[in-house]
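Kindly generate the complete structure, drawing on both the sequences and the hints.
2 protein chains.
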Amino acid sequence: MPVGTQGTVKALSPAELEAEDCRILLGNTYHLNDRPGMEIMEHVGGLHKFMGWDRAILTDSGGFQVFSLARLRKITTDGVEFRSHNDGAKHFLGPREAMNIQRIIGSDIAMVFDECSPYPCSRDSACQAMERTLTWAALCAQQPRAEGQLRFGIVQGSVFPDLREQCAQELVRIGFDGYAIGGVSVGEPDDLILPGVEMGIGALPADRPRYLMGVGGFRQMIESIARGVDMFDCVMPTRVARNGTAVLSDGRRFSVRAGACKKDLGPIEEGCACYACRHFSRAYVRHLLNVDEILGARLMTLHNIHAYLELMRRVRKAIEEGTFEGLREMVKDSED
Amino acid sequence: MPVGTQGTVKALSPAELEAEDCRILLGNTYHLNDRPGMEIMEHVGGLHKFMGWDRAILTDSGGFQVFSLARLRKITTDGVEFRSHNDGAKHFLGPREAMNIQRIIGSDIAMVFDECSPYPCSRDSACQAMERTLTWAALCAQQPRAEGQLRFGIVQGSVFPDLREQCAQELVRIGFDGYAIGGVSVGEPDDLILPGVEMGIGALPADRPRYLMGVGGFRQMIESIARGVDMFDCVMPTRVARNGTAVLSDGRRFSVRAGACKKDLGPIEEGCACYACRHFSRAYVRHLLNVDEILGARLMTLHNIHAYLELMRRVRKAIEEGTFEGLREMVKDSED
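Here the protein sequences line up with chains A and B, keeping their order.
The first sequence begins at 1 in our numbering and counts up one residue at a time.
The second sequence begins at 1 in our numbering and counts up one residue at a time.
Because the hints were derived from the structure by calculation, they are not lab data.
Quick caveat, the model's predicted, so the values are computed rather than measured.
Some clues are possibly wrong.
Which copy is meant is left open, so a pair is good if it fits within one copy or across any two.
[Said to hold, decoys possible] Taking lysine to any residue and the SDA-like style, the derived pairs with C-alpha atoms no more than 25 Å apart in a straight line are:
(1) Lys262 to Val44
(2) Lys262 to Glu325
(3) Lys90 to Asp124
(4) Lys263 to Arg55
(5) Lys332 to Gly228
(6) Lys332 to Cys272
(7) Lys262 to Glu165
(8) Lys332 to Gln169
(9) Lys262 to Gly326
(10) Lys262 to Thr5
(11) Lys263 to Asp21
(12) Lys74 to Ala141
(13) Lys74 to Glu223
Written out as structure tokens, the structure reads:
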């Protein structure tokens, strides 16, 4: 899922995302609640209508942002009181509020309001956050939802296998349409990411979507898929694009700003079918980035989103055709 | 002509300009010479290939920017020595250099290197600038050009009718493929703009394109067309777009940032056929502008470029059908 934090995947239009056969994107409850705010969101009839996107949308619950972005937090059993990172306005977000906002947004998949433990984190506070996550998940499951809206629970428990397993089992007992693995890729060393995925995933039913939140390295994704993950979101491909970093089809990255691209008449990636690669040279894209032209951010973002969606198409095909191991081999040396 | 200063019409892709039936755009010699520079431009085979645009391009000569943007100017009979506004590097631009750069850029229409008098300006210095413009025009006419490249002379003379008339006559004597009226809309009161157009235009042949440089108000354009002008460029529609100002089909402007647009479900302009108006509400565009999303700049720019190109299509049709006076009436109260 490309990330559309504020009601747009940065630099792209909905038409471009459709042309790339993007079928679902992610919106951020925290940011949308801040601006445009739910009064406007309700008036315009939800995020699909607002942003002109009739394909699927998943919204996070705002929990992650409340714990990472917002200031002056006060955590109670009902939720979190905080000040907006934007204008300092006081807000309160808890399971009831998060589900209500997502109901107004009208996303196709709503995430439960959870407490995401940072890394590192003591076993005690990881346990407390996991238990609060479960209490809130149960509350979220009772809130009204938008018509047809699915609801996903989120496994927390930091780096502690038994906590994650317990969390997964309890979530399944409550019963959700899908399950996410949260609290992974929150600053821990790379070699703790896959173990984080493994903990607890065995307790999640294989016939429900399993979604690994915030992980977007090619190797990490492929290895997570090998362990049973079905869905991902990551802000990385769009964020690094605007800084001039291209993600290639094997997961390697390189900077189009590099001096070596000055006179390079080739596309961002040879053989790539995206609009940027079909029409423009590295030399041109480098120039656009150097002089801060919007088209530079657009072309880089288009390319990176294409690379990600294309990887997922190849994975699906490889799984169907029984050639997944070969694909896994190909990206095993990609940077992340 | 939409303005593509640095090798891109800000925020738009070539495909979008083609979809709007844009047939010619303007590139800036001064900026392109600065970045990417002519070594890269020559290597990539000119601006058309560089930016993926196979329709027409007109380039200015850099004279206007040298006299308005650059620092530490030293003017000689051969041209102007100056420091780049960007990195302070020393450059020299004169008739030979300007025509050579435009030859490398490979524009379809090259402009002569002129001296544009500021406003206000004494008769003496206006006369001197006009005479220098003529000397340089004669020199420009002798320089090699790109294959098929047309060359336009530029009428200067500030607000002095006899100077402008003399300049126009001398330019016609040298002989150019088209003629431009320069030094208008350089800070003078609005009611001096049309008189500036009238001075000298009578001496320009009606069977050659006559191009009014840098003027882009709807009323100013229509009134200039009534006086014989065929071509315009103006950075205004794209520049104000990025600040949230929409230009409507009758030339009026309004700010989509206004609070009144908060919950406005209507398009930027009712009945407009541009991509932005067909798919998005004022409420959405306002939100995008408020949170500094690139898509906001894109949609606003698309709309404004559409409004301008559509006006020109309506003018051409009205002239053919003999209904130009009605159109003239419609925009007579538009803001510019």
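Here is how each hint holds up against the structure:
no.: 1; hint: Lys262 to Val44; result: between (46 Å within a copy, 10 Å between copies)
no.: 2; hint: Lys262 to Glu325; result: neither (38 Å within a copy, 52 Å between copies)
no.: 3; hint: Lys90 to Asp124; result: neither (29 Å within a copy, 65 Å between copies)
no.: 4; hint: Lys263 to Arg55; result: between (40 Å within a copy, 23 Å between copies)
no.: 5; hint: Lys332 to Gly228; result: within (17 Å within a copy, 67 Å between copies)
no.: 6; hint: Lys332 to Cys272; result: within (21 Å within a copy, 51 Å between copies)
no.: 7; hint: Lys262 to Glu165; result: neither (52 Å within a copy, 46 Å between copies)
no.: 8; hint: Lys332 to Gln169; result: neither (31 Å within a copy, 72 Å between copies)
no.: 9; hint: Lys262 to Gly326; result: neither (35 Å within a copy, 52 Å between copies)
no.: 10; hint: Lys262 to Thr5; result: between (33 Å within a copy, 19 Å between copies)
no.: 11; hint: Lys263 to Asp21; result: neither (32 Å within a copy, 30 Å between copies)
no.: 12; hint: Lys74 to Ala141; result: within (24 Å within a copy, 75 Å between copies)
no.: 13; hint: Lys74 to Glu223; result: neither (37 Å within a copy, 64 Å between copies)
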